[in-house]
Each structure stands twice: as structure tokens, then as C-alpha cells.
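Protein chains in written order, with numbering that gives the first Met the number 0: chain A, 0 to 331; chain B, 0 to 230.
Below are the DMTMM-like pairs computed for lysine to aspartate or glutamate, each with C-alpha atoms no more than 25 Å apart in a straight line: (1) K7(A) to D149(A); (2) K36(B) to E70(B); (3) K152(A) to E141(A); (4) K323(A) to E77(A); (5) K7(A) to E68(A); (6) K1(B) to E243(A); (7) K96(A) to E179(A); (8) K158(B) to D259(A); (9) K323(A) to E49(A); (10) K1(B) to E302(A); (11) K158(B) to E243(A); (12) K96(A) to E79(A); (13) K158(B) to E114(B); (14) K1(B) to E16(B); (15) K1(B) to D203(A); (16) K1(B) to E74(B); (17) K323(A) to D56(B); (18) K7(A) to E77(A); (19) K62(B) to E49(A); (20) K1(B) to E239(A); (21) K63(B) to E307(A); (22) K152(A) to E83(A); (23) K152(A) to E68(A); (24) K63(B) to E310(A); (25) K1(B) to D56(B); (26) K152(A) to E100(A); (27) K62(B) to E307(A); (28) K62(B) to E310(A); (29) K1(B) to E70(B); (30) K62(B) to E302(A); (31) K152(A) to E49(A); (32) K62(B) to E34(B); (33) K62(B) to E74(B); (34) K63(B) to E302(A); (35) K158(B) to E239(A); (36) K63(B) to E74(B); (37) K158(B) to D237(A); (38) K1(B) to E307(A); (39) K158(B) to E182(B); (40) K62(B) to E77(B).
Simulated from the structure, these hints should not be mistaken for laboratory data.
The structure presented is a predicted model; accordingly, all values stated were derived computationally and were not measured.
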Amino acid sequence: MSRIHVIKPGRLTTVQDLGRPGSQRYGVTTGGAADAGALRLANLLVGNPEGAAGLEITLAGPTLQFAEEALVAIGGGEFEVTVEGQRLPMWRPLWLKAGAELVLGEARTGCRACLAVAGGFAVPRVLGGRGTYLAAGFGGFEGRALRAGDVLKVGPASLWARRLAAALAGEPRWNSVRWEVGAAARPRYSAAPIVRVVRGPQWDWFGGEARERFLSGRFTVTLRSNRMGLRLAGAALDLETPREMVSEGVVVGTVQVPPDGQPIVLLADGQTIGGYPKIAVVATSDLPLLAQLRPDDTIGFQEVSVAEAQELLLAAGRLFATVKQGIALHAA
Amino acid sequence: MKLGPLGDSAVVVTLGETLDATTVAAALRLAAALEAKPLAGLVECAAANASVTVLYDPVRLLKKGGPSPYERVCEWIEARAATAGPPEPAPGRDMVVPVCYGGEFGPDLAAVGAEHGLSSDEVVALHSGAEYRVSAVGFTPGFPYLAGMPARLHTPRRKTPRIRVAAGSVAIGGAQTGIYSFETPGGWNLIGWTPWRLFNPHAQRPALLQVGDRVRFQPIGPEEFGTARFP
Numbered sequence: 000m001s002r003i004h005v006i007k008p009g010r011l012t013t014v015q016d017l018g019r020p021g022s023q024r025y026g027v028t029t030g031g032a033a034d035a036g037a038l039r040l041a042n043l044l045v046g047n048p049e050g051a052a053g054l055e056i057t058l059a060g061p062t063l064q065f066a067e068e069a070l071v072a073i074g075g076g077e078f079e080v081t082v083e084g085q086r087l088p089m090w091r092p093l094w095l096k097a098g099a100e101l102v103l104g105e106a107r108t109g110c111r112a113c114l115a116v117a118g119g120f121a122v123p124r125v126l127g128g129r130g131t132y133l134a135a136g137f138g139g140f141e142g143r144a145l146r147a148g149d150v151l152k153v154g155p156a157s158l159w160a161r162r163l164a165a166a167l168a169g170e171p172r173w174n175s176v177r178w179e180v181g182a183a184a185r186p187r188y189s190a191a192p193i194v195r196v197v198r199g200p201q202w203d204w205f206g207g208e209a210r211e212r213f214l215s216g217r218f219t220v221t222l223r224s225n226r227m228g229l230r231l232a233g234a235a236l237d238l239e240t241p242r243e244m245v246s247e248g249v250v251v252g253t254v255q256v257p258p259d260g261q262p263i264v265l266l267a268d269g270q271t272i273g274g275y276p277k278i279a280v281v282a283t284s285d286l287p288l289l290a291q292l293r294p295d296d297t298i299g300f301q302e303v304s305v306a307e308a309q310e311l312l313l314a315a316g317r318l319f320a321t322v323k324q325g326i327a328l329h330a331a
Numbered sequence: 000m001k002l003g004p005l006g007d008s009a010v011v012v013t014l015g016e017t018l019d020a021t022t023v024a025a026a027l028r029l030a031a032a033l034e035a036k037p038l039a040g041l042v043e044c045a046a047a048n049a050s051v052t053v054l055y056d057p058v059r060l061l062k063k064g065g066p067s068p069y070e071r072v073c074e075w076i077e078a079r080a081a082t083a084g085p086p087e088p089a090p091g092r093d094m095v096v097p098v099c100y101g102g103e104f105g106p107d108l109a110a111v112g113a114e115h116g117l118s119s120d121e122v123v124a125l126h127s128g129a130e131y132r133v134s135a136v137g138f139t140p141g142f143p144y145l146a147g148m149p150a151r152l153h154t155p156r157r158k159t160p161r162i163r164v165a166a167g168s169v170a171i172g173g174a175q176t177g178i179y180s181f182e183t184p185g186g187w188n189l190i191g192w193t194p195w196r197l198f199n200p201h202a203q204r205p206a207l208l209q210v211g212d213r214v215r216f217q218p219i220g221p222e223e224f225g226t227a228r229f230p
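So that you can see chain A by itself, here it is in the shape it has in the complex:
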């Protein structure tokens, strides 16, 4: 089994997959990569199942040394990626020679990237998922963020990946293909996105002005944001009349509003039960955009119907299937 040594851990690097659906009853969030779109595409580029475990990198990336040659791909926010000072492209399969030291620097744009390696990171499945759940300290690599000195194991690469690696091998340090996942096939990241939302269960509790402010205004991402949620600052969203509610289920993308009127958008590690009124829920297709926001970025919300949100998701699925076909053809 191939090994990767963590030389520097980066700001916050965790093993993530597509989460553990079906665990809401235990109070366990779905979790997984905050930008699932980036992880799925990176996995395709190295011949993995789209839900294989990869690394989620935050703001400043790790330095990784590959004990054996490897095929890797990086997608998500734009990070500086180098091997011995040479810049490497994102959104492409990259072949690395045995012993190569891959340096992921600062994020130039966005907040997170996903690194996939052919074969996936071999960590045990816990409650149906391989992702790290930091708040509860389980899953991923020993239930925590990576540290210097950690040694990660990699599973067996697919035949497709081994063929591609063989075709790219032979260069002194690294090599890559001449094609990439084009911008049109990637999530439409922005530092000031407008994300689509469906009205939340307590939409009617908010006054007309608050609802108008929510849909027309812009909110600023604050420093107190993390994988659990984006804490936003902006014009206060107040209830028509203050009222208490019985706590009920919440999901990733839920926009809840505490008494101070400043909304919180739940991300991958958000809680499963909430007692704050929910003004809206972000469309699943737009969740990757949330994952790329960093403090001082702004966000706006645009209302769509449930049926429209579901059509957006279907369209994203069709685009993904096209990319998958394209990648398969390229390597053939």
C-alpha cells in the first residue's frame, strides 16, 4: 500500500468523502467535503469512484511527500501548487514521481480545495463514512485534522489510473495531461455569489421588510465561520413578532436566524437539530459556492421554487455525467 507523508499540515487539512447520510437520527451531521463538487471532479480525474476519500485543504495547504509514484488531482478554490518550485495545474490528472514533495500554498481565490489520489485515502469507514467529523472527533484520519509526521495510506488505484500513470511516467519530477476540466464544467465560484434558495419552514414568521432585505441585500462572511457554518453580518432580519419555536431538524444549507437577526448558513458539519427560525435553505446545486467563501466575502440570495432547485440539481448531475464520459474518452 502506497504511503504519503505529511511534512506540513497546512491550516486545516482533513480527510473527507461525500459524508454519512442516514445518521441524522444519532445527531450526526452528513458531513463530508464542504465542496462536494470539487471532490467528485478530482476523484474522476484520478479514476476513483466519485465518493472516494480525499483531502480537504483550507486557505493554506499542506506539504506532502509521496513515498511512491502517484496520480493525483486537485479541484476547488485556486491554490498555488508546486513541486520543487515548478507550478502545477489544477483540474488535471498529475503524475508525481516517487519521492516527490507536493507543496500546496496559499489560496489565491476561494477557501478550500480537494486533493484526490488514485486509489483514495485508506481510512476506516465509521458510521458509513470516511470523512473527518472534527467536532465529535471521529472519522477520517484518527478523527482529527492532519499534523506534521502523519503517514497516510492510499488504496489500490484503478486499472484506468494505472494506465494513465504509466503513460505519464518517465519525466524527472512530475507530468500532466494536456487537457483539463474546463471552467464551464466546474462550480461557478465567486467571492460575491448569488446563491439560489428555497423558502424555509419559518419564512412567514419574518416581516415583509426582513424578507425583502434577505433577498435583495448582501451579507458579509465573518471570521467566526468554519465547517459548521457561515456566520453572516448584514441588515438584521427580524421576526414579525418574537416567538419561541420547538426545535426541529435542519440540513446543510439551512439559513437560520438567531435573535440578533444575523443569519447563519449551515455547512457540511452543521448541527442536525435547530431551534432558530429558518428563513431559507440553499439549493443543493449551489452548496459548493458556500464552501469557497472566506471572511469579508459577500453573499446574496435569490429565491427559486423547490421544483426549480431540484431541476438545477438534475442539470448539475447531467453536466457531471458528461464530464465523466469526456474524461473516460481522453484517457482511452
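Given chain A's structure and the hints, the job is docking chain B onto it.
The following block gives chain B in isolation, referenced to the frame of chain A:
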């Protein structure tokens, strides 16, 4: 029963506006009835207090020209609710949770009593004399929300939440009592502490207390911690 979307992949079914025993039991029964005959594309039905959260995969439920996945899930919920048959006793186990009340283990015990003109002993007697139902598990993994607390113990949350509440803290927040399953910030009033470990992701039963369980509290002294560990 009121149905509404929680985004494009979930439906919230609200069975009432309060946490009374009938509403909680109705939510438990509905969740069990839905999971007994799942729809293809269903991810999970989780009872949560007075509601049930139904999570589904819209992509698996999309049919060209047909009703939207959301409409299909709502139709299925309504049909199941109508044909679920006579109310069966909702599932659940009987659990007796050992609690060391007051002192350093429950720093807000006296304050809760003062709020209602009760002595600390009276608060303990009321709290440990009632039978509770786990109406939801969440906030953190394995944190049980318990319904059925005597009205004389209903106490508003603390104005300033604590930065750190120890795992195992037994607490009162409004009309509910609960047990912190992880060390987290928290605004509930702490009245005691249990040596039980409420969440273990590697266990057969990851959340020790699950929705539908009936719970009683057994007062113990600190000297009994060793023997009170959950087997």
C-alpha cells in the same frame, strides 16, 4: 399534520406546535411508519420533537413530465400516514440514567430552585421523579432532548451561555431536559452530571439514548461513579 419543504432534499412534517406527550408520540409513530415501508430514494426519517424530518434524494425521484420529487415524497407521506393503521406502541427502551445532582456537578441546581421557590432537594425529587421520552437526538451527536419535564421545572436558558459545558452534564433548557454528549458551549442550566458515555461512533448503538426511549433519572453520589458506568 403540516408538510413543507426543507430545501430540495428534505420535507418537514409538523405534528403540533408544542412538546406534549401526544405530539411527541405521534412524531415517533409517523417516523416508524414511514421507515417501515420506505420509498425508493428515501434517505432517512428522523423524528425531532414535534416533527419528523424526511430526507430524500431528489435525483432518484425525478421522473420526466411527472410530479416533482418533492410532490412525490409528500404524496407518499400522506398516503403512509393515512394507512399506517392503528397506533402501535412506538418503539423505545426503558433506561435509568444515574445522575449526581448539584455541587460541582450541577452548578445551577440552586438557581433553578430559586427561580421556582423550590429547595435543591425538591428540584432533584421532581426531576428524578418524572418519566421522560427522548423526543429528538441532535445538537451534538447523541445529545438527547427529553420531553415530559414537570412544568414547575421549566426554566429559561441562561442569558450568557457557558463557553464550556462538560460532556455528561444533565441540564434544563426551557421545557426540556437533556444531557450534553460532548464538551461544547451551552446555555442550558446545569443541574447534575452522569458518568454515562452518550455517544460512541463504533458501538452497535452509536447514540446510547435514541428517539422513543423512556428515561428516568436515578440520583447517585460521586462514590458510585465507578459502579454506575454503562456496561
